[in-house]
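Once you've looked at the hints, dock chain D against the given chain U.
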Amino acid sequence: MDEIIRLEGLTKVYKKTPVVDSFNISIKKGHIYGLIGPNGAGKTTIMKMMAGLVEPTEGTIELFGSKENIQRSRSRMSFMIEAPYLDGSMTARENMELIRYTRGVADKNRIEEILEFVGLDKEDKKKAKKFSLGMKQRLGLGMALLSSPEIMILDEPINGLDPQGIVEIRHLLRKLCDESGVTILISSHILSELAELCDDFAIIDKGKLIEDLSKEELKQKCMNYLSVSTDDNNRLTTVLEQNLGIKGYKVFPDDEVRIYEGIENIVRISKGITDSGLVLTRLAQEGESLEEFYLSRVSADEDAKGVR
Amino acid sequence: MNRLMKAEWLRVRKSSHFTIWIIGICLLLNWMTVINVMPDAEKSGSSLLIMSLDTMFMLISAVLPALTACMVGIHFSNKTAYYEVMAGDKISHIIFSKLVVIGLGVGALFGIVYVGIQAGFCIAYGVGEFDDLALRLALVVIIFLHLSLLGVVIGTALKHVIAPVLGYMKVMMLDSIFMLILSLIFEDSVMEKISGWFITSQFSMICMHEISNTLVLQIIASAIIDVALWYVLSYIGYKHKTFAK
Chain U
1 MDEIIRLEGL
11 TKVYKKTPVV
21 DSFNISIKKG
31 HIYGLIGPNG
41 AGKTTIMKMM
51 AGLVEPTEGT
61 IELFGSKENI
71 QRSRSRMSFM
81 IEAPYLDGSM
91 TARENMELIR
101 YTRGVADKNR
111 IEEILEFVGL
121 DKEDKKKAKK
131 FSLGMKQRLG
141 LGMALLSSPE
151 IMILDEPING
161 LDPQGIVEIR
171 HLLRKLCDES
181 GVTILISSHI
191 LSELAELCDD
201 FAIIDKGKLI
211 EDLSKEELKQ
221 KCMNYLSVST
231 DDNNRLTTVL
241 EQNLGIKGYK
251 VFPDDEVRIY
261 EGIENIVRIS
271 KGITDSGLVL
281 TRLAQEGESL
291 EEFYLSRVSA
301 DEDAKGVR
Chain D
1001 MNRLMKAEWL
1011 RVRKSSHFTI
1021 WIIGICLLLN
1031 WMTVINVMPD
1041 AEKSGSSLLI
1051 MSLDTMFMLI
1061 SAVLPALTAC
1071 MVGIHFSNKT
1081 AYYEVMAGDK
1091 ISHIIFSKLV
1101 VIGLGVGALF
1111 GIVYVGIQAG
1121 FCIAYGVGEF
1131 DDLALRLALV
1141 VIIFLHLSLL
1151 GVVIGTALKH
1161 VIAPVLGYMK
1171 VMMLDSIFML
1181 ILSLIFEDSV
1191 MEKISGWFIT
1201 SQFSMICMHE
1211 ISNTLVLQII
1221 ASAIIDVALW
1231 YVLSYIGYKH
1241 KTFAK
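Which chain is which? The protein sequence lines are U and D, in order. Numbering of the first sequence is given in our numbering, commencing with residue 1 and proceeding in unit increments. Numbering of the second sequence is given in our numbering, commencing with residue 1001 and proceeding in unit increments.
Bound-form chain D, shown alone:
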């Protein structure tokens, strides 16, 4: 699997347009957040986190899975992803190499930049109202990884450059529709308990609510379940060779 990861890393390095997009989006979103907080008299790490909800998290929810899905999907469209199949590699190794290099790589990059800016803000202006900011930031990073890994498995499941569309729709539309349906069925008290399972509400819960063990569990478990589900779809697709004709 190590050699597959090296091959994947080579692709990422040489696809300069993707690298520019990733770094560009990452810096732009953080910069937008920072300039929104700067005029605030009570600027702090906490206020930066709250402000992130408005300016960055919703965009990241849409962009991050679409970006990683595109990075995977484009190799199916130019058919270079077929070389791994033709080289006789195990399906699990093929998918894992992409999850590690693209999924963890891009997710971690977004996480490191975000946490770095937060750390700088905390040093300069103090933590602010949140006493458990480190845990909140750790949960944000987990969600970034969730989004990034999800995009990869959506890309390997669809095996097409159209994958980013579904990557975007999955988080921004399917989850929202599902939540809307649930809200029509269940009362508010029930919805409060289950909304922690959905990415779009996880960000607001990290910024607005006390961090409970249940929320931590929901964020971690939802990431594992979501990625595992799409991993299975992706594996089945490889097994039955659902490549473009």
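Looking at chain U on its own, in the form it has when it is part of the complex:
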């Protein structure tokens, strides 16, 4: 079984307003899938529908290759949606114990292992209501990990973590995926982290899927300009326009000129520049970051709607 999650035409309408609109994705087993979108895009609602906390207005959810008995399939998954759901009157260990019973995890020692991993093993007496945001996130992640799930649905799991914590979580999720074949659907506002972590991406805005692409496809789509610097960038723009006939470029304040046109022929461009007597100090094919790519897609979608 290659596809472990398939969402088809998933729609949720609140008071006649579609929050999620005919959303389709399929996620391969052992992949980390990044769900990217602005606040209110519908990411959390999609995750809540998968968790069984929101009833879809339309569409189907297929888990582990079956549309039947979805509720039963959820026992093989774990969820961390919105802020972690914690009982503030309990300690970290007691909250974990609650999940151990709810999930039917037989091994008591697993709690200690997970608490140590998320760095909360020393917080014996402190009630969860007194935890910082980062500690709550760590505990929420620990609770999601406790039952050794096959699929993890994580909504903003690194929100509030310190940089070291973010790296640790990234490594952990990658390890879970690579070594145990865990499939992860994750959303985050820290796009640079998602870019490093995910195998596939879905960009969502106003409940609609804008783009669904793999890491390779993203790389290809992002490698889309030539970064050039010379000893005289003012003359460079003249050379580009008059000698090479290139009008698709942009001058950046840090002595960088980005060429977006004709970049498939780097030799022609570099030769044209050096032949004009300019000294090349930099020439590299580069691309947008995931953040830039995401912003360009969301704004393109906005423009398209504006035209309509």
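Please note: incorrect hints may appear among the correct ones.
DSS-like mimics (lysine-lysine), calculated; alpha carbons at most 25 Å apart, straight line [said to hold, decoys possible]:
#1 U:108 x U:126
#2 U:108 x D:1006
#3 U:108 x D:1241
#4 D:1014 x U:127
#5 D:1090 x U:67
#6 D:1079 x U:136
#7 D:1014 x U:15
#8 U:208 x D:1241
#9 U:221 x U:250
#10 U:15 x D:1006
#11 U:122 x U:136
#12 D:1079 x U:125
#13 U:129 x D:1079
#14 U:16 x D:1241
#15 U:15 x U:208
#16 D:1079 x U:130
#17 U:221 x U:247
#18 D:1014 x U:108
#19 U:108 x U:67
#20 U:122 x D:1241
#21 U:67 x D:1241
#22 U:136 x D:1014
#23 U:126 x D:1079
#24 D:1079 x U:127
If you are wondering where the hints come from, they were derived from the structure by calculation, not from laboratory data.
For chain D alone, kept in the frame of chain U given last:
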């Protein structure tokens, strides 16, 4: 379902403020009843039961469902009750685990304390005017369980910390309004026959009237119907995922 009950029991044990409230209310109400009876020259198990009507039963009718509804509702408000749904458990198992641990647990605690005090009174001062005191006490315990279980299903139906308000209103106001409407429609003789279906009049009937088979049946059946009705509402709510947004 066993693991869900263990999880529920952990919640009850760790929510120390609830445990204190439950035990505190239970002891306070019984103590209030006892000190009211103590000056009475003819104190007995029967007089304690009659006195309970004034000092304790009305309060318990309001407090018990509100208390258990609150215990359930608070887990929806802090959203920890969602874990059972996300863990893929059957709706019936989720509701039953709460009914058993919270509903039966709290109801039984109130029942045991009350019966224990009654037993002590009977041993010390005798049974008094009632010859079937044991049956009356058993019916009181059934009503306690009714109230306690009702609070749980109201809590799972509302899925909100506001549930105790409805738990209180259901018994103290809705039933009373319903009875008032019925009393305007029917004659006294008819009302006497049907009032055994309502919790608030059940207590007085246990204390004041002869215990008939009809009354026993009415007390048991009303408990089953009331809890079943709210159970269905609760089940539908889970099915259609009426959780807080």
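Verification of the supplied hints:
1. At roughly 20 Å between alpha-carbon atoms, residue 108 (chain U) and residue 126 (chain U) fall within 25 Å of each other, so this suggested pair holds.
2. Restraint check: the Cα-Cα separation between residue 108 (chain U) and residue 1006 (chain D) comes to about 14 Å, which is no more than 25 Å; the hinted pair holds.
3. Between residue 108 (chain U) and residue 1241 (chain D) the alpha-carbon distance is near 32 Å, which puts this suggested pair outside the 25 Å criterion.
4. For the proposed pair residue 1014 (chain D) and residue 127 (chain U), the alpha carbon gap of about 11 Å is at most 25 Å, so the pair holds.
5. Taking the CA atoms of residue 1090 (chain D) and residue 67 (chain U), the gap is about 17 Å. The hint holds against a cut of 25 Å.
6. Our distance criterion of 25 Å between C-alpha atoms is met by residue 1079 (chain D) and residue 136 (chain U), whose separation comes to about 14 Å.
7. Restraint check for residue 1014 (chain D) and residue 15 (chain U): the C-alpha separation of about 39 Å exceeds 25 Å, so the hint is violated.
8. Simply put, residue 208 (chain U) and residue 1241 (chain D) have alpha-carbon atoms about 23 Å apart, close enough for the 25 Å limit, and the pair holds.
9. Distance hint between residue 221 (chain U) and residue 250 (chain U) is fulfilled; the C-alpha atoms sit about 18 Å from each other, no more than 25 Å.
10. Proximity of residue 15 (chain U) to residue 1006 (chain D) is assessed by CA-CA distance (about 39 Å); at most 25 Å being required, the pair is judged violated.
11. Of the pairs offered as hints, the one joining residue 122 (chain U) and residue 136 (chain U) holds, with about 14 Å between alpha carbons and a cut-off of 25 Å not exceeded.
12. Our distance criterion of 25 Å between C-alpha atoms is met by residue 1079 (chain D) and residue 125 (chain U), whose separation comes to about 22 Å.
13. Between residue 129 (chain U) and residue 1079 (chain D), the direct Cα distance comes to roughly 14 Å. Compliance with the 25 Å bound is thereby established for this hinted pair.
14. Pair hint residue 16 (chain U) plus residue 1241 (chain D) holds up; C-alpha atoms about 18 Å apart against a cutoff of 25 Å.
15. Proximity of residue 15 (chain U) to residue 208 (chain U) is assessed by CA-CA distance (about 18 Å); at most 25 Å being required, the pair is judged to hold.
16. Of the supplied pair hints, the one linking residue 1079 (chain D) and residue 130 (chain U) holds, its CA atoms being roughly 17 Å apart against a limit of 25 Å.
17. With a C-alpha separation of about 21 Å, the suggested pair residue 221 (chain U) and residue 247 (chain U) falls inside the 25 Å cut-off, and the hint holds.
18. Our distance criterion of 25 Å between C-alpha atoms is met by residue 1014 (chain D) and residue 108 (chain U), whose separation comes to about 18 Å.
19. Simply put, residue 108 (chain U) and residue 67 (chain U) have alpha-carbon atoms about 33 Å apart, too far for the 25 Å limit, and the pair is violated.
20. With a CA separation close to 37 Å, the supplied pair residue 122 (chain U) and residue 1241 (chain D) exceeds the 25 Å bound.
21. Distance hint between residue 67 (chain U) and residue 1241 (chain D) is fulfilled; the C-alpha atoms sit about 18 Å from each other, no more than 25 Å.
22. Restraint check for residue 136 (chain U) and residue 1014 (chain D): the C-alpha separation of about 19 Å stays at or below 25 Å, so the hint holds.
23. Distance check on the hinted pair: residue 126 (chain U) and residue 1079 (chain D) sit about 20 Å apart at the alpha-carbon level, within 25 Å; holds.
24. Distance restraint check for residue 1079 (chain D) and residue 127 (chain U): the Cα-Cα separation of roughly 17 Å lies within the 25 Å cut-off, and the hinted pair is therefore satisfied.
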